[in-house]
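One line per chain: the protein sequences are A and B, in this order.
For the first sequence, the working numbering assigns the number 562 to the initial residue and increments by one for each residue that follows.
For the second sequence, the working numbering assigns the number 114 to the initial residue and increments by one for each residue that follows.
Derived by calculation from the structure, the hints in this document are not laboratory data.
Just so you know, even glycine gets a beta-carbon here, dropped at the ideal spot from N, CA and C.
Keep in mind that the hints are not guaranteed to be accurate.
[Claimed, not checked] Now the stretches of chain B that chain A is said to cover, found in silico as 3 or more residues with beta-carbon under 8 Å: (1) 197-211; (2) 278-285; (3) 304-314; (4) 481-488; (5) 494-503; (6) 577-587.
[Stated by the list, open to error] Within a straight-line C-alpha distance of at most 25 Å, the following computed BS3-like cross-link-like pairs (lysine-lysine) qualify: (7) Lys-601(A) <-> Lys-154(B); (8) Lys-596(A) <-> Lys-816(A); (9) Lys-297(B) <-> Lys-801(A); (10) Lys-305(B) <-> Lys-595(A); (11) Lys-801(A) <-> Lys-306(B); (12) Lys-596(A) <-> Lys-306(B); (13) Lys-801(A) <-> Lys-592(B); (14) Lys-660(A) <-> Lys-727(A); (15) Lys-607(B) <-> Lys-555(B); (16) Lys-266(B) <-> Lys-306(B); (17) Lys-816(A) <-> Lys-623(B).
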Amino acid sequence: MRFFYLLVLAVTLTSSGLLAQPAPASKAKAAPAKKPRIVKMFMRDGLRFEPPRLVAEPGEQIVVEIENNDSTDQTHNFVLLRPGTRDAVVQAGLALAEKGPVLEYVPPSADVLVHSRLLAAEGSGSIAFTVPTTPGIYPYVCTFPGHGMIMYGALYAGVTPPPIEKDPNLPPMVAHGAVAGGGQRPFAQRIFMPDAGPAAVAIALVGSQNVCWDAGQCRLRYAWQGSFIDASENWAGNGKILPIVPTKPWWRALKDDFPLRFGAVDSAAPKVKFLGYAATTTGPVFHYRAGVTEVYEHVLPAAGRPGIALRLQIPRAPGLVFYRTAADPNAQWTSSAGTWRDGVLMLTPAQAADVTLTLTSALCTP
Amino acid sequence: MNLVKLCSHMLALFAVTAFASAAETTPPADARVAQHYAIGKISTPPGVDPQLGGLALLPDGRLAAAFHHGQVAFYDFKTLNWKIFAEGLHEPLGLLLGQDGSLLVMQRPELTRLRDTDGDGVADRYEALWEDFGMTGNYHEFAFGPVRGPNGKLYVSLNLASAGDTIREEIRGEWSPIGLSREKFYDVADWKKNSTAAGRMYGRVKWRGCIMEIDEATGAAELFATGFRSPDGMGFDAAGNFFVNDNQGDWRGTSPVHVVQRGGFYGHPASLVWRPDWEGTEPLKLPIEKLNALRTVAAINLPHSFYASSPTAMILIPQTAAWSPFGGQMIVGEMNSGRVLRLLPEQVDGVWQGACVSFVDSQALRGGIHRLLFVGDTLYVGRTHLIWAGGEGIGTVKLTKTPFEALTMHATPDGFRFTFTAPLAAGAAEPARWPVRRYYYKYHEPYGSPQTELTQITPSKVTVSADGLSAEVAFADLKPGFIYDFNLSGLTSKQGESPLNPAIAYSLNKVPAK
Ligand SMILES: [Cu+2]
């Protein structure tokens, strides 16, 4: 049987002086060098590289396995450049004019460090190279005429990349697309989240607030203001890398502290069972059972104030309901009904049938 | 899904600049496939990551597909347009139409029922049908299914965690105390050292490595079978027998296809701790003889890399003129190459066994073949890869001209009986034209297995039927417990064709009684 066709373009660019010297073949045989890292690169519909950026160590040996998966049958190449030369190389590529096809649209330029062949749709290729030893941000671009202004990305070598949605070295569309939900609000994304159980939900609320709601524990975990999660690394990998919460949460629930209690404030935390959620125009309405009691919990932005709100609906509360909040000097809890004492809201069954809790903080901005 | 071994890539960093052509060339084998199968593709939704987790056909004839970033979208075959139905799911890896018209989707944390209650064409209810299973946050805990059995029950399968990663301190569900202590699993710094005691793949939270039976109406779940590692593919044959495949790795010398019975154990020991009758022994420490006695062996072994490295969806070929003569046979997808295989299982004196043979094997199919669905005369092929070998998007396959190759293969008291899709040419009775590599894969803890006790054998006698459509292949020394891996490239049809897929491997568990 056949092996997957792998076309390797092994390159060293010692002449450019930029790339590290690879070990001579004979030496490598005697003491096998660390296996090169394999990085996948896809060319996608809409003139996009996926992933839009790569992170590598200076001097690292990597192999970029490239697949042109553009379903619109566009032809692309992958050209890695010296820092800051993207515009110039794209222009030089255009200037090739009728000489372009022969050169596969790669301009002969010292700024071009390494490049793939021109890949037709469904084509694949691979380039092996040593990452430059000089730390820097090395652009990669497709030099096919008309593509280079949109279709590019960046290899960060020994330089820490900024949050993807703020990365000036990426096409604006890509930065936008890195945010889960593509900027939709409200939007709920089930995904692994930092500082929560593994069955987490990230929620972008209308406005600028975001929360992490834990579907394993059926409770709110934290809230942050600003951009929604960047899940690009999580999605580019096998799911192990946690999404980035771009700003520091302004509020966090305590660990292991389910807030609802039935009958008495110090009664044992009920066992919870997640039942799902309804998607609404104002945010998800979670549905769960706490003990035997069904609870609906609508997560939405706070009305008229910076912050978030939880509309709780407990249609058949068996008795008094208590909502416990953690001491937090910045957080302010208020509610549409019930009595607060020492950070605990007490609700009669009638009040618990429909009550809205609002959480604001001095750390929130309007 | 599988940790793909990248070492097969013939890669070197040369000290001199070397260019190899990346130009598009069609390998000769693929050109031959193209004479028999039309391979194409359909678009995927714009702006949606094209890695596919699930495929289903809607009652109104649209195609439903689940994607890597959590969308479910519907494709209209008439307008060729996609419409997003649901979003924000966590790594959905299976779709099934619910009996009540809802759409069932298996995502990492739960089996979810999607409903559109207001009729606007977009899901507004994401109901947790079953979520009572453990999660440690380990990336390898993928969840597959659901498939529906002839009894109307749903079946889902849950992956083990990988020792390539730790667990998170906050987990969901009960932790089994059997084995390495839980705190050790948090210890990222010492994990390399600790991980060997964890087991290469581990299942310390509930139902990991298990097949679960779910009541579609109530969500009530019951343990159905144990002993799995990364069981992506589940399916039923026409008689209702339940087939589940698994991925080569620890305790998996090669990728197996099992016929699964309630209460059965299928070889990977990690999930034994979740059997209700388990008395607390660390399954990894059990003597191999004990495990061997407990387990049911694979019905069909898929020889690693030669046939499949990472098997996926299993479905039946429709019994229509378009797919004749293959109708009714089972096929299985494969992640690591552009290959779909046919499976030819049979029961011999109560023991399941059978053969595998390539069905469509072409680079034009890409790789990463994860989900399969027949709609009309077309086979839809949904592809994914994550960080492993694979492909993307949705491919299409149509049979245009039946190739010459083995159609069926059965064990006989003396050897095997083959049927072919076209009559054999004269000379097929020469035993030398039927060379066999005979070997088996070891059942043991290490990752994979060499082909063991490999010998080259040839039949003692071959008898071809008068019509040339079948052959009896006898061996002087027919031994059970071996894979008989035939290379039929020396055969030709009366039309002068050689087999499109000449390799066919039968896992002989039991020699039929005379
Ligand atoms: Cu391009």
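Hints versus structure:
1. 197-211: holds (count 5)
2. 278-285: The restraint on the region 278-285 of chain B holds, since 5 of its residues have a Cβ under 8 Å from chain A and three suffice.
3. 304-314: violated (count 0)
4. 481-488: violated (count 0)
5. 494-503: holds (count 5)
6. 577-587: Coverage by chain A is violated here, the residue count being 0 at a Cβ distance below 8 Å.
7. Lys-601(A) <-> Lys-154(B): Given that 25 Å is the threshold and the Cα spacing comes to 22 Å, the pair holds.
8. Lys-596(A) <-> Lys-816(A): Violated - the C-alpha atoms of Lys-816(A) and Lys-596(A) are around 42 Å apart, more than 25 Å.
9. Lys-297(B) <-> Lys-801(A): holds, 19 Å
10. Lys-305(B) <-> Lys-595(A): Satisfied, since the Cα-Cα distance of roughly 18 Å is no more than 25 Å.
11. Lys-801(A) <-> Lys-306(B): This hinted pair holds, its Cα atoms lying about 20 Å apart.
12. Lys-596(A) <-> Lys-306(B): holds, 22 Å
13. Lys-801(A) <-> Lys-592(B): violated, 45 Å
14. Lys-660(A) <-> Lys-727(A): The given pair, whose Cα atoms are some 37 Å apart, is violated under the 25 Å limit.
15. Lys-607(B) <-> Lys-555(B): With Cα atoms ~40 Å apart, Lys-607(B) and Lys-555(B) exceed 25 Å; violated.
16. Lys-266(B) <-> Lys-306(B): violated, 42 Å
17. Lys-816(A) <-> Lys-623(B): Outside the cut-off at roughly 56 Å; violated.
Of the numbered hints listed earlier, those contradicted by the structure are 3, 4, 6, 8, 13, 14, 15, 16, 17.
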